[in-house]
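Build the full structure now, drawing on both the sequences and the hints.
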Amino acid sequence: MTTDPATTPATANQEVFAETITELARENSDMLVVTSDSRGSGKLVPFGEAFPDQIIEVGIAEQNLVGIAAGLASTGAHVFAVSPAPFLTARSLEQIKNDVCYSDHPVTLVGISAGVSYGALGTTHHSIHDIAALRAINNIRIVVPADAAETRMVVRAAAAAGEPVYLRLGKRPVPALPGTVTEASVFHRARRLCNGSDAALLACGEAVAPALAAAERLAAENIKASVHSVPCIRPIDTNSILDAARNASAVVTVEEHSVHGGLGEACAALLLHHGIHKPFRIIGFPDEVMVNGSQQEIFEHYGLTKDGIVAVTRQLLADS
Amino acid sequence: MNDSALMRKSIACRRRVLEIIHHAGAGHTGGSLSCVDILTVLYNAVLRISPDNPGDPARDRYIQSKGHSVEALYAVLADRGFLPDEELQTLCGYRTRLIGHPTRKVPGIEQNTGALGHGLSFGVGAALGLRRKRCDARVYVLLGDGELAEGSNWEAAMSASHHRLDNITAVIDHNGLQITGAVRDVLGVDPLVERWAAFGWSVCECDGHDIPRLRAALRREPIEPAKPTLVVAHTVKGKGVSFMENEKGWHHRVPKEDELERALAELDRAAAELGEVERT
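Here the protein sequences come in this chain order: A and B.
Numbers 1 to 320, taken from this note's numbering, label the letters of the first sequence in order.
Numbers 1 to 280, taken from this note's numbering, label the letters of the second sequence in order.
To be clear, the hints were calculated from the coordinates, so they are not data collected in a lab.
Check before you lean on any hint, since a few could be wrong.
Residues of chain A placed beyond 12 angstroms of chain B at every Cβ, according to the derived structure [what the hints assert, rightly or not]:
| hint | residue |
| --- | --- |
| 1 | Asp4 |
| 2 | Leu24 |
| 3 | Ala213 |
| 4 | Val291 |
| 5 | Ala311 |
With a cut-off of at most 30 angstroms between alpha-carbon atoms, the simulated DSBU-like pairs for lysine-lysine come out as follows [what the hints assert, rightly or not]:
| hint | chain 1 | residue 1 | chain 2 | residue 2 |
| --- | --- | --- | --- | --- |
| 6 | A | Lys43 | B | Lys133 |
| 7 | B | Lys133 | B | Lys227 |
| 8 | A | Lys278 | A | Lys306 |
| 9 | B | Lys105 | B | Lys133 |
| 10 | A | Lys224 | A | Lys278 |
| 11 | B | Lys105 | A | Lys97 |
| 12 | B | Lys133 | A | Lys97 |
| 13 | A | Lys306 | A | Lys224 |
| 14 | A | Lys97 | A | Lys43 |
By construction, the Cβ of each residue, glycine as well, lies at the ideal position given by its N, Cα and C atoms.
This is how it looks when you write it as structure tokens:
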């Protein structure tokens, strides 16, 4: 699937999820959605009206949400359990670990309004831990799509995969990215959006667009940066990450997540294991009481922006 | 299978529970002995299951939420032909299928459990899924009474009645003891019947060691249509071995050689008495 960024309007990934799941439900009556009073946040009200027999409401009870999803999956359904990421991946972490992953049921856990999507609502409503927490649990694929095309592809891939998947989605409109999206490129591989040998920018989710904008700005300074969308964080695409690092003088990762345990540390470990010692920086949220503000203000505060990524990359190259 | 045959099976499974826990040097003795009659009745007189086709989509489902009493489940599954009896000796061994809590590696086990408060939600999901498919299979979930302190049980209880699930029966192995002591002292569950009734369940009580009463309570029909069924099975932790009964220390104590001999001798006497009753 190829989209033209110039003519494609910005869309929220979780709206694309809702559209895609509706298509899937029409095609397959064993495709179920389970919600925890979250159909409004998940843009699933039209889905519920169109397919009342394929949506199951459990109320504000995320532990029960995940346990029920596993039980439904055991009867042959493919289940999407949809709930805000901060609650889904913290309150029901044990259900994810035992009922879904350890028991190996094909549930897709859809964490909506992930990262700091709920910006001003505060830390209770942020999920900056979810990738780290789930990376330490066996038997779950972690996917963080960056735009509508990636999201559409990954939802379909998850429905067909027959394995536990965590799908991390944000709610703000994001621009369409260039290039061609295939199932492999979102579910298994990283995707190179542009070339450049000075720095490799590796990003996921809503951090990809600012990384791409940063590369364009750096190009104006004659710093050539490659940009890679890394939707599948686990299992990570080892070859693409190593290639990106080998072909650049420095590596910068960008993610809407804690600097601990996310994409950045996954890449850092990979490079060290393979003896690739390049100047390296992780842009994410540091270990401190999070600043409060809108998602955009939080991004600006911690440098998850074009200017922030440009500054870190420029400095990293200057220091090395 | 008649009631006498079920009673003999229960005694035989108690023997195997004690033997394999002794052999493994690990296990949950008291809770396995308190639920073994429930499992014997379910697996031999209630559940529509077959060891020849353990994955049959139309099978009934049994989920053991109180996963720590897995030795009773393994013993009953082996007796029922789901796994070879000699494999029971591998309990808790290196790379065995018979891990110290239920796993789907073992044929006939539906869900990996062990962390408490998980089984009922899974059972509600399975019951919803079966109903959607218009499959008349029934779901049974075994809970411990101490386990009820886990709040997730009550989320699941609310959802079962909200969704008017009458194809699920939860059974509480109400032996009144948990690892620290009496359930009423640790965190009381009473009034148990009223609480579940208030959560929208039809509730019945029975002696959890009385085979005919268990058979009646565990029948495949709901007590009331459109409502989930709860069976409060009044049990004795360590049931069947005099020096283990109602002793909290036997929660996960392993019988020593002489204790095993004494326990098996008691079970042999019980079997002999059963034989005499049958002959008269």
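Evaluated hints:
1. For aspartate 4 of chain A, the non-interface assignment is confirmed: its Cβ lies about 41 angstroms from the closest Cβ of chain B, beyond the 12 angstroms cut-off.
2. Non-interface call for leucine 24 of chain A relative to chain B: holds, since the shortest CB-CB distance, roughly 16 angstroms, exceeds 12 angstroms.
3. The non-interface label for alanine 213 of chain A is consistent with chain B: the shortest C-beta to C-beta separation is roughly 43 angstroms, beyond 12 angstroms.
4. At roughly 33 angstroms from the closest C-beta of chain B, the C-beta of valine 291 of chain A stays outside 12 angstroms, upholding its exclusion from the interface.
5. Residue-level check passed: alanine 311 of chain A sits 46 angstroms from the nearest beta carbon of chain B, beyond 12 angstroms.
6. A C-alpha spacing of about 27 angstroms is found between lysine 43 of chain A and lysine 133 of chain B, which places the hinted pair at or below 30 angstroms, so the restraint holds.
7. Between lysine 133 of chain B and lysine 227 of chain B the CA atoms are separated by roughly 19 angstroms; this keeps the pair inside 30 angstroms, and the hint holds.
8. Among the hinted pairs, lysine 278 of chain A with lysine 306 of chain A is consistent with the structure: their alpha-carbon atoms are about 22 angstroms apart, no more than 30 angstroms.
9. Restraint check for lysine 105 of chain B and lysine 133 of chain B: satisfied, since their Cα atoms lie roughly 26 angstroms apart, inside the 30 angstroms limit.
10. Between lysine 224 of chain A and lysine 278 of chain A the CA atoms are separated by roughly 16 angstroms; this keeps the pair inside 30 angstroms, and the hint holds.
11. Restraint check: the Cα-Cα separation between lysine 105 of chain B and lysine 97 of chain A comes to about 17 angstroms, which is no more than 30 angstroms; the hinted pair holds.
12. Restraint check for lysine 133 of chain B and lysine 97 of chain A: the C-alpha separation of about 27 angstroms stays at or below 30 angstroms, so the hint holds.
13. A distance of roughly 15 angstroms separates the Cα atoms of lysine 306 of chain A and lysine 224 of chain A; the hinted pair therefore holds under the 30 angstroms criterion.
14. Between lysine 97 of chain A and lysine 43 of chain A the CA atoms are separated by roughly 27 angstroms; this keeps the pair inside 30 angstroms, and the hint holds.
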